[in-house]
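Number of protein chains: 2
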Amino acid sequence: MSDYRLHCFALSGNSYKVALFLQLAGADWESVFVDYLGGETHTDRYRSEVNEQGEAPVLEHNGLKLSQSGVILDYLAKTTGQFGPTSDDEAREIWRWMLFDNHKFTSYYATLRFMVGVKKSEETPVTAFLRERAVGAYRIVDKHLVGKDFILGSRPTIADISLAGYVFMPEPTGIESSEFPAIEAWKARLKQLPGWRHPYDILPGPTSL
Amino acid sequence: MSDYRLHCFALSGNSYKVALFLQLAGADWESVFVDYLGGETHTDRYRSEVNEQGEAPVLEHNGLKLSQSGVILDYLAKTTGQFGPTSDDEAREIWRWMLFDNHKFTSYYATLRFMVGVKKSEETPVTAFLRERAVGAYRIVDKHLVGKDFILGSRPTIADISLAGYVFMPEPTGIESSEFPAIEAWKARLKQLPGWRHPYDILPGPTSL
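Protein chains in written order, with UniProt numbering: chain Z, 1 to 209; chain P, 1 to 209.
Next comes chain Z alone, as it looks inside the complex (with noise of 0.2 Å):
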């Protein structure tokens, strides 16, 4: 058995998210499909099971059940040594991040591709809602980005690797990634970092419905 085994499912990005980290540390780990488009996220064994908030990723290591990719990229930074904060101004600073990523970068852009790009929805007021606010919310990643290499200056930490979730999914979505330059550099410098993996190439399960 792997080191790691992690519940996933590749149209996931919150699942990406561990998976990435996994890949940039050079873990031993194994993936275990979760059927979400099939409805298993929300069944009763799931949920007692699994994980009580009805959410992919979990990840399973030395006995412990983690949910929550934030705290699964805490956990990872801290037990591996790579990611993570060197100080306690660091360590806030990466949790800001990570907290504005599942508030409002990860969160309405996730929501917003899974309707227009994987379900193929017409506009809608929802997705029109959902596009404004996930607009705003990369601006202000695109601003904070100018003049830094990663989030937290010259070197990747998982505050990046939590906003990399879904920056990678190749769905149409109705936002230009040519609006965001720094984000675009960013991504590509990702890309550069040893170990690194498209989502859909490491994450079971289908990427279209």
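Simulated from the structure, these hints should not be mistaken for laboratory data. Check each hint, because a few of them may be wrong.
If several chains are the same, the list does not tell them apart, and a pair holds so long as it fits within one copy or across any two.
[To be verified] Heads up, simulated DSSO-like pairs for lysine-lysine below, C-alpha to C-alpha not over 30 Å straight-line: (1) K78 x K65; (2) K65 x K148; (3) K119 x K78; (4) K187 x K143.
Chain Z is fixed; fit chain P onto it per the hints.
Just chain P, lined up with the frame of chain Z:
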């Protein structure tokens, strides 16, 4: 000058999270009014001098300027020794619920309440979308609280304080609190804690448009 200066406003349940901690901890604090309704958080001055992410709350303490309620609550728990974890397991459990709060529990409810309860928006596809998501998150927290006094069990922590951000706000949202009896019982316990105050009694600024 007080020990803590909190940039905040009454309509902001995210501000209330920090104010509630300071109240429960018996801290010496003062508020700095943020004119959110007047557009202050969108100004260049606010984003360059107070918070690049354009949000409240922001806490000033000992020369530090902290944003993101989750970061601030974690900092206050460590600084004061109150309402924090007593083990690594508890620390992860607290962050698991603070992340769920930021992503789904506070997030959808706060936006719904601002549209329906504060701006008095008519029912739209967006308010229906937000309500469905908020109810899903409320169901998960309600189920978790069955048989527990607080999120971690017998004592209140910053996980409870984070989740409590908007639950005392009085505006109607089309969600019936009677559908969530465990949340209602938990709210009653929170109100019994020494120092508890209603958000509109301790935060500055208007409570309606």
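Hints, one by one, checked against the model:
| no. | hint | in the structure |
| --- | --- | --- |
| 1 | K78 x K65 | both (16 Å within a copy, 25 Å between copies) |
| 2 | K65 x K148 | between (35 Å within a copy, 21 Å between copies) |
| 3 | K119 x K78 | neither (37 Å within a copy, 44 Å between copies) |
| 4 | K187 x K143 | within (14 Å within a copy, 39 Å between copies) |
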